[in-house]
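Q: Residue strings, one per chain:
Number of protein chains: 2
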Amino acid sequence: MDVPVVYQIALDAMGGDFAPVALLEGARAALEAHEDLFLHLVGDEARLRPLLAAAGLKGDLVSRFAIVHAASVVTMDDKATCILKEKKDSSIRVAAKMVRDGRAHGVVSMGHTGAAMVASKMVIGTLPGVDRPCLATVLPNMSGVPTVLLDVGANIDCRPEHIAQFAVMGSIYAEEVLGIKRPRVGVLSVGEEEGKGSATTREAAQSLRDMDLNFLGNAEGRDLWNDKFDVIACDGFVGNALLKSAESLAEGLFGGLKAVFLENVFTKLGALLARPALKRFAKKLDYEEYGGAPLLGVKGISIIGHGRSNARAVNSAIRAALVACEHQVNDRIQESLGRLMSQAEPQQTP
Amino acid sequence: MDVPVVYQIALDAMGGDFAPVALLEGARAALEAHEDLFLHLVGDEARLRPLLAAAGLKGDLVSRFAIVHAASVVTMDDKATCILKEKKDSSIRVAAKMVRDGRAHGVVSMGHTGAAMVASKMVIGTLPGVDRPCLATVLPNMSGVPTVLLDVGANIDCRPEHIAQFAVMGSIYAEEVLGIKRPRVGVLSVGEEEGKGSATTREAAQSLRDMDLNFLGNAEGRDLWNDKFDVIACDGFVGNALLKSAESLAEGLFGGLKAVFLENVFTKLGALLARPALKRFAKKLDYEEYGGAPLLGVKGISIIGHGRSNARAVNSAIRAALVACEHQVNDRIQESLGRLMSQAEPQQTP
Chain Z
1 MDVPVVYQIA LDAMGGDFAP VALLEGARAA LEAHEDLFLH LVGDEARLRP LLAAAGLKGD
61 LVSRFAIVHA ASVVTMDDKA TCILKEKKDS SIRVAAKMVR DGRAHGVVSM GHTGAAMVAS
121 KMVIGTLPGV DRPCLATVLP NMSGVPTVLL DVGANIDCRP EHIAQFAVMG SIYAEEVLGI
181 KRPRVGVLSV GEEEGKGSAT TREAAQSLRD MDLNFLGNAE GRDLWNDKFD VIACDGFVGN
241 ALLKSAESLA EGLFGGLKAV FLENVFTKLG ALLARPALKR FAKKLDYEEY GGAPLLGVKG
301 ISIIGHGRSN ARAVNSAIRA ALVACEHQVN DRIQESLGRL MSQAEPQQTP
Chain X
1 MDVPVVYQIA LDAMGGDFAP VALLEGARAA LEAHEDLFLH LVGDEARLRP LLAAAGLKGD
61 LVSRFAIVHA ASVVTMDDKA TCILKEKKDS SIRVAAKMVR DGRAHGVVSM GHTGAAMVAS
121 KMVIGTLPGV DRPCLATVLP NMSGVPTVLL DVGANIDCRP EHIAQFAVMG SIYAEEVLGI
181 KRPRVGVLSV GEEEGKGSAT TREAAQSLRD MDLNFLGNAE GRDLWNDKFD VIACDGFVGN
241 ALLKSAESLA EGLFGGLKAV FLENVFTKLG ALLARPALKR FAKKLDYEEY GGAPLLGVKG
301 ISIIGHGRSN ARAVNSAIRA ALVACEHQVN DRIQESLGRL MSQAEPQQTP
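Quick mapping for you: the protein sequence lines, in order, are chains Z and X.
The numbering of the first sequence is this note's numbering, which starts it at 1 and goes up by one.
The numbering of the second sequence is this note's numbering, which starts it at 1 and goes up by one.
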């Protein structure tokens, strides 16, 4: 008889604008959707326990989750590094420690992004061969095939080898988790031509050309949305600005459109007629569908979500963690990174 | 009797995907709209002359334009620096030279962006006190008050003082050309807090804090679209990526929306009903309305437009050049830049 594999995920139940309720509701949806999931709900037990039943965490599900007590929570006013000293008992640190101690395969947090990154890097630790973990995001586009953009904020100043590593980790993630064969990889620059870009991006591109990767060269800002690349690597400063700009622009456009359709009786009728088609359109571009951003390169799965995540986004983030576990993304990164990066190094002559 | 002021603009009539026809049609529209405009149409006389009448450049307008012959044109396959050697007789260089020689107040080009920048910087030259000219773009948003983003591609690697200068030039442009009083100025970073960002952006922000400017501190990617800042300064690498991403995302969304409304008879009827409201909405976000991007900091007006500009965009770009002339943007930059930048320098103790 096969013993079924169960993946243990530690959920920071106290992190996020709508915590803990949205976290518990998302947990319930994830448990219902995935039989191979066991959730550790990390947070203030006295606050969490009375909310369980209302969130639907009852009945058969009771055997597939547990509360793990954590006395404090990192707030938006805290520094990211507070988890190393003042808030060692915070929910995000306790959750990360479960991964370090082998009691969970991954951690999911919608709380303070910086604190979640510090917890992942310092408490869980980085994979051998990885210089710097990086935050990846999955951008939906019209074609229906999403593009992985990384780093979107974990590393502000980057050397060429860091950007090359991000590209390699992104390629593995796109292949394993998104199921894209031979992902088309690019380095973000200001023009397609090989000579365009900064000294850093040119050097990163040069080392990627030497590797056994489907590397297409320089990508531009427009390539985030036109299905020419599956993976685009850049430093965390640029990636963060691009992600925040895109979110805000898309929100503004959809918000403006909604207002247009509420203008008068004709537009309202128009909206009613186009509604099913508009819904299908919006679904294509649905960020919540892709859940949180994986922090790639740590010794365990770490998914970091938006502070304003609702139950559905929490569910998606847990699913992203689960898929990363199932596909052994970390083993693949560890196995491939060293091999590929060594291809980029200049050959020693005897 | 007052002699009316006439502004002389040199138009690179051969640059752009739809040159020369769209250029000539845009020129005609601009001449009709602005009585204080005289246009020098720079390009291959043998090609241009037969097209004039068809573009409407006839009748009364004949006294307000002239053809200036240029034997060659910079193509997309050329290097930007070709205008310094192989293509000294190219339309963009001949147009820029007219500004240098005092025969035109400004130059407008929709051709090779790099060549137009090199021509402006090297042939026209930079204003005293300006370390590096920068390309500014005007981003429309829902609120109807546009945001100036700069640099969007003229300078890839920047030092803190360059970014501070971009911010100052952007503030003057927003005030003079867009009519925004005490423009709200920010430096692009990865978080609002003062400590966030790279060493370069933190230092740029620090020197802007010392100046007599309405400086609000760090801006984030989302602030390009939410009317919290009127001017956002960054290096040309980030700005270029942000601009190209936004253009592509907005185009994709509008394109997708158009497809939605063509899906079936119900959606088509819906679109018909909502049409006037949708048109007003699209108008708010209309890039063509703002014309080309001004290259700020050169000794003369230089407006650089999209290669794919149609006649309307050409007209807008010429209008942008005209407004910059009328408001003496360069005099203001020259006057203010030295004064403001000196405020940022550490005081000498006696």
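Source of the hints: derived by calculation from the structure; they are not laboratory data.
Keep in mind that the hints are not guaranteed to be accurate.
No distinction is drawn between identical chains; accordingly, a pair holds when it is met within one copy or between any pair of copies.
Straight-line C-alpha distance at most 16 Å; calculated EDC-like pairs for lysine to aspartate or glutamate [as the list claims (entries may be wrong)]:
1) K121 <-> E161
2) K299 <-> D101
3) K85 <-> E263
4) K258 <-> E326
5) K228 <-> E192
6) K196 <-> D17
7) K85 <-> E251
8) K196 <-> E326
9) K79 <-> E194
10) K88 <-> E335
11) K268 <-> D60
12) K181 <-> D60
13) K299 <-> D131
14) K79 <-> E193
Q: Hints first: check each against the structure and report whether it holds.
A: Hints, one by one, checked against the model:
Proximity of K121 and E161 under a CA criterion of 16 Å is satisfied in neither setting, with 19 Å inside one chain copy and 34 Å between copies. In this assembly of identical chains, the alpha carbons of K299 and D101 lie at most 16 Å apart only when taken from the same copy (11 Å versus 65 Å across copies). For a Cα distance limit of 16 Å, the shortest separation of K85 from E263 qualifies neither inside one copy, at 54 Å, nor across copies, at 58 Å. For the homomeric pair K258 and E326, neither the shortest alpha-carbon distance inside one copy (39 Å) nor that between copies (39 Å) is at most 16 Å.
Taking the shortest Cα distances, K228 and E192 sit within 16 Å of each other inside one copy (12 Å), while across copies they are farther apart (33 Å). Taking the shortest Cα distances, K196 and D17 never come within 16 Å of each other, neither inside one copy (41 Å) nor across copies (21 Å). Proximity of K85 and E251 under a CA criterion of 16 Å is satisfied in neither setting, with 38 Å inside one chain copy and 48 Å between copies. For the identical chains of this complex, K196 and E326 are neighbours neither inside a copy (39 Å) nor across copies (36 Å), given an alpha-carbon limit of 16 Å.
Proximity of K79 to E194 under the C-alpha cut-off of 16 Å is restricted to the inter-copy arrangement: shortest distance 13 Å between copies versus 40 Å within a copy. In this assembly of identical chains, K88 and E335 lie within 16 Å of each other by CA distance neither inside one copy nor across copies; the values are 32 Å within and 55 Å between. In this homomeric assembly, K268 and D60 never come within 16 Å of each other (Cα to Cα): the closest approach is 44 Å inside a single copy and 48 Å across copies. Neither within a single protomer nor between protomers do K181 and D60 lie at most 16 Å apart by alpha-carbon distance, with minima of 38 Å and 63 Å respectively.
Proximity of K299 to D131 under the C-alpha cut-off of 16 Å is restricted to the intra-copy arrangement: shortest distance 13 Å within a copy versus 46 Å between copies. Only between protomers do K79 and E193 lie at most 16 Å apart by alpha-carbon distance; the minimum there is 11 Å, versus 41 Å within a single protomer.
In terms of the numbered hints stated before, the structure departs from hints 1, 3, 4, 6, 7, 8, 10, 11, 12, listed from lowest to highest.
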